[in-house]
Amino acid sequence: MANSRSAQIPVVVLAGFLGSGKTTLLNHLLHRSGGSRIGAVVNDFGSIEIDAMAVAGALGDSTVSLGNGCLCCAVDAGELDTYLARLAAPAAGIDVIVIEASGLAEPQELVRMVLASEQPEIMYGGLVEVVDAAEFDDTRARHPEIDRHLALADLVVVNKLDRAPDADRVLGLVRELTEGAVLPATYGRIDPEFLFDCRPSEERVGQLSFDDLHSHDGPDGDGEPDARPAHLHSAYDTLSFTSDIAMDPRALMRFLDGRPEGLYRIKGYIDFGAHDPANRYAVHAVGRFLRFLPEPWPPGAERLTQLVLIGTGIDADALGKELDASRGAADETDEQAMWGVLRYVPGSEDEPGTP
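Taking the working numbering, the leading residue of the sequence shown gets 8, the next gets one more, and so forth.
For the record, the hints were derived by calculation from the structure and aren't laboratory data. Treat the hints with care, as some may be off.
Quick list of simulated restraints, FRET-style, between CB atoms [stated by the list, open to error]:
| hint | residue 1 | residue 2 | range |
| --- | --- | --- | --- |
| 1 | Ala281 | Arg149 | 52 to 60 Å |
| 2 | His150 | Leu122 | 19 to 27 Å |
| 3 | Ala158 | Ala99 | 30 to 38 Å |
| 4 | Asp324 | Pro303 | 33 to 41 Å |
| 5 | Pro303 | Asp264 | 38 to 46 Å |
| 6 | His150 | Arg176 | 14 to 22 Å |
| 7 | Pro353 | Pro305 | 14 to 22 Å |
| 8 | Pro353 | Thr89 | 49 to 57 Å |
| 9 | Ala281 | His150 | 30 to 38 Å |
| 10 | Gly100 | Asp331 | 37 to 45 Å |
| 11 | Pro305 | Glu152 | 45 to 53 Å |
Note that the structure is predicted; figures quoted are calculated from it, not measured. We treat Cβ as the ideally placed atom computed from N, Cα and C, and that holds for glycine.
I would like the entire structure built from these sequences, with the hints used as guidance.
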């Protein structure tokens, strides 16, 4: 998870056409990261506000700024690997790395570059595509490739909905074009918890709940009036799930494969009992992106499954019942029971990263 220095650091690719609001979103994340430290790889190519990033405390060893054009064209995988190695160095203390692409970048190539990284300290953390709702129709007319970009995305942030006269139509159209989760937003203000685990301001060992999930009121230092709404929607739905009974791998994968579109984020630890008694499995899901990371149980740790689910318009009670139904020891002699899980473990054969 992002708040464990012994775990791999997730690398999130942030894409979207020029003017969609990527830099505004990134600066919002920097302001709202709590105690987490964000490393950023940005294209200083038309839309990067270095001054705004400096206010957020993002300069120095936590930022790589590229002024040589489109990242996916001007930088090869080896060069990007060098930047990622610098940000992933233990001395930098980075918890998550965000690659902000230029507005002309090809998201699929950036994802391939991250997946091709030879840095063992990092892992791919998903593709987030930002859309300008007010200009969506014109953008599709000028850049028809946006449909392909949306199809690849794990999470689509439909930004500037306050400026779109037909916001519901745009949201519906985007949902038709992507299999990923669709998150409405204004002024790029999404909760960082949708992308990575925020480190609490005071470390609490074993605490999986998050701080200030709904605290978006008041000034955030981005130079925008406080009266502007933090989100188009009023609140997020959350579910915390804890079980001292091991999870059935097959049943849990059925739950994850069928998760509703409004469920943006899943994080926590899973106990698969006799199927892997030596390890617990950290789970990280952003939209349709899914990753499991096996890690040894800490000495003396209670064998628990602990999950936090975040979304909008979800039925928390129904999801809780589905998770309850996913508990119970499956036949430990069934050697294929964990195959569905292992498909999403980095380094596993044919590991896709998305359901």
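Comparing the hints with the structure gives:
| no. | hint | in the structure |
| --- | --- | --- |
| 1 | Ala281 / Arg149: 52 to 60 Å | holds, 56 Å |
| 2 | His150 / Leu122: 19 to 27 Å | holds, 24 Å |
| 3 | Ala158 / Ala99: 30 to 38 Å | holds, 34 Å |
| 4 | Asp324 / Pro303: 33 to 41 Å | holds, 34 Å |
| 5 | Pro303 / Asp264: 38 to 46 Å | violated, 27 Å |
| 6 | His150 / Arg176: 14 to 22 Å | holds, 19 Å |
| 7 | Pro353 / Pro305: 14 to 22 Å | holds, 21 Å |
| 8 | Pro353 / Thr89: 49 to 57 Å | violated, 20 Å |
| 9 | Ala281 / His150: 30 to 38 Å | violated, 52 Å |
| 10 | Gly100 / Asp331: 37 to 45 Å | holds, 38 Å |
| 11 | Pro305 / Glu152: 45 to 53 Å | holds, 46 Å |
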